[in-house]
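K.L.:
Model the full structure from these sequences, guided by the hints.
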Amino acid sequence: MDFVSIEKKWNEKWEKDNLYKFDENKLDKKYYLLEMFSYPSGLNLHLGHWWNFGLSDSFGRFKRMQGYNLFQPMGFDSFGLPAENYALKTGIHPEDSTLRNIATMEKQLRNIGGTFNWDYEVVTCKPEYYKWTQWLFVQLFKKGLAYQKQAPVNWCPSCNTVIANEQVVEGLCERCGNEVIKKNMTQWFFKITDYAERLLSGLDQIDWPQKTKILQKNWIGKSIGCEVDFKTEDKKHTLTVFTSRVDTIYGVSWLVIAPEHPLLPKLVTKEHKTEVDAYIKEAAKKDEIARSSTENVKTGVFTGTYVVNPLNGAKVPVYVADYVIASYATGIVMGVAAHDTRDFDFAKVYKTPVVQVIEGKNGEKVDLPFTDYGRLINSAEFTGLSSEEAKEKIADKLEKLGAGRRKTNYKLRDWSVSRQRYWGCPIPIIHCPYCGAVAVPEKDLPVILPKIHDYKPEGEGPLGKVDSYMNVKCPKCGADARRDPDTLDAFVCSSFYQLRYPDAHNSKEIFDSKKINKICPIDTYVGGVEHATAHLLYSRFITMFLHDIGKVDFDEPFKRLVHQGMVLDPKTNKKMSKRNGGKTADDYVNEFGSDALRLHMMFSMNYIDGGPWYDDGLKHMKAFMERIERIVLSWAKLGNENSTLNGSEESELEYARAFCIKEMTSSFEIFSFNTAIARLMELVNAMYKYDKVERKNEVLAKSVMLDVIKLIAPATPHFAEELWQLIGMPYSVHNQLYPVCDESKLKKAEIEIAVQVNSKIITRLSVPTDSTNEKVLALVKLDSKVKNALLGKSIVKEIVVPGRIVNIIVK
RNA sequence: GCUGGUGUGGCGGAACGGCAGACGCACAGGACUUAAAAUCCUGAGAGGGCAACUUCGUGUGGGUUCAAGUCCCACCACCAGCACCA
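With positions in the first sequence counted from 1, the corresponding number in this note's numbering is that position plus 1307.
Since the hints were made in silico from the structure, they are not lab data.
Among these hints, one or two may not hold up.
[What the hints assert, rightly or not] Below are the EDC-like pairs computed for lysine to aspartate or glutamate, each with C-alpha atoms no more than 16 Å apart in a straight line:
| hint | residue 1 | residue 2 |
| --- | --- | --- |
| 1 | Lys2052 | Glu1970 |
| 2 | Lys1944 | Asp1998 |
| 3 | Lys1520 | Glu1863 |
| 4 | Lys2054 | Asp1923 |
Bear in mind that the values here come from a model prediction, so they are computed numbers and not experimental data.
P.N.:
Put into structure tokens, the structure is as follows:
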């Protein structure tokens, strides 16, 4: 069979027939399968695309043949830095290059022979899509969840622009390698922190890989503790600290305030001003990234101020040190050297005291015995109170005193969405000198991104230079006003695309809720783990928000998540993108056909783990397909003779088929493609074995043969279709139902068990499958080897695991 | 440093606490062929033995169990994420 030429033929026919059409009238058995969409790079599809789209498409085909009404749309994440950088590199306007690249990639993705529903395509850089990105922004703005504030951003002095966190690699700009600095700028933020608790608790309800849940959990970083108010000696100022170890409060030896803390200038005494100012200046030079990458050498200076411990009245010095982060919790921490390694490091350098006092059961103070510096003390040993109990007691006491309160903090920060870039969704805000930031009225959406040619990033939104775009009237008061010059982070565009797909061409609203509630949430979402704390978190947040404003009736977008592993370059063991030893994906397709490529990818690696690419297997997969072809074509000629009924060869073949169907089905379900194909190979081997039987049951042989074609159809769609046609079956194999396992055929009359004496295997015996444990033991004891082993010994214990093992313990 | 994950033949990789190495590659032998390729069949973890057989084997060291690749403890190596989060 010429695998290459049949592919073109079938792709064209399937497309012409719209074979994989999603039926909107049959939503009771829908299956929404989605792969993370990609940005249109303009390059040829590489092996990673095949790995991602090809294999999950096979999963989709499997669901489809199980009778599901499959919805598997496709689109392009076409705004944002990758597209813009490509444009800057080539000098072609991003709009032109992006649209051209989309056309190229669309064509190639069609060549994969996937079941993608192109009728529902979304392209995030098109006004009919980004109208709804802007609409979403406006809704968030109306609810106070989109707001502006001044915040430090990553600034690359060489590229003269702000860059995203993801583009800062070890403190350097990913593109030019120059050092990135922090710069304060007014930015738009989404208040994702309001959803911290729901984003955390929602993880319990979804079928996601454990590691991804843990990544998100750590990213959200919930910390339960207390705020404690320390007043200055003159009672003019209150310094509030956050601690998760309020039980150690009697051991507080000092307080540390972050250099950027607004209260700091008021605390510094005259004598210490010069020293503190110098320290602040020094700290400002280093941004948070630089600070965290330096060794754990603690630096800091005394401010000259003392505060009072609200619980025991102790006088506590206040230091300023840059190991405290201004933006987390209150920006002030208490120093308890005996219970915290960071505090201990600080104590070593500054010779601050290490006090170890703790409150006992009846409120008495217990001096803990002296231990090595930095060793955390288990106070429960000395007080009879667990740390948790002690925390509760002290929290109660603080609340009674009015000097503190229980408090939960999160590491999660609000989502910075402004980009000083051209190629993005314009922010639908008008800044009015009288009314402030005003949302563009919904009837005026979308705010069209003007096609300009001077879009080089220079630190401010390039749109700011376009007066025809910028100058508008305030929608509220009619005064002269200016648009926001920035664009939105592309992650905003991709945060709701999965909900837009089923109603992709709705021009009246973001989507029709009734329809979306029937088709969404996504049954299975396939994509890389690298999006764990960005896209996958943002999408959950936005879905929860849309739920809260009544647009959807669910609040988790992806019921099940599967991460495909990475195909690695065999030489570097890094992610492989374009080619391997000069060969592109296209080369493989042209030489072996896309079916062989898919099959090789399925069989040679574990989909979840990925691994280094090697191409030896391609020719073997082609050979395997030809092995199938030979037996199928030879059995196609068989008549309808029932020459034998239920002979042992027949039951073996029946068993092989039933086992294969059962195992393939469960393997496909969990994306374990390699074992699924292994089981299919076993069935094909069994067919060859049966082929040697002289007087075959031709009816049985034929039905097994048909099942094999159906079973392989999801993995090699073109090949299966061609075989189906060659044996004269009516088009199309992809409209057949996936074979269902006949459980009754899985019962064998006899089953081999291992026989152990003292846990050591003595022999293997066949016993009737239905025998009781007693019968099995009796049979086993008749065996001469077993008799020998038991000779002169007394039996202590007998263990029978039905169908598996017999273990006789003797003395 | 913290948090996860991984570690199995020459290779890719299988194994609900129950016969380790499924399936495949590479390898060896056989059939077919003038021959090669392709195909079909058979063999095979490693060591020892002509053989029946036997010893050792899932990163290392302990433990639990009738039984451990699988569970527990400690350690090593690699990969990933977070990185002074109080």
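K.L.:
A separate judgement is required for each hint: does it hold in the structure or not?
P.N.:
Structure-based check of all given hints:
no. : hint              : in the structure
1   : Lys2052 x Glu1970 : holds (14 Å)
2   : Lys1944 x Asp1998 : holds (13 Å)
3   : Lys1520 x Glu1863 : holds (13 Å)
4   : Lys2054 x Asp1923 : violated (38 Å)
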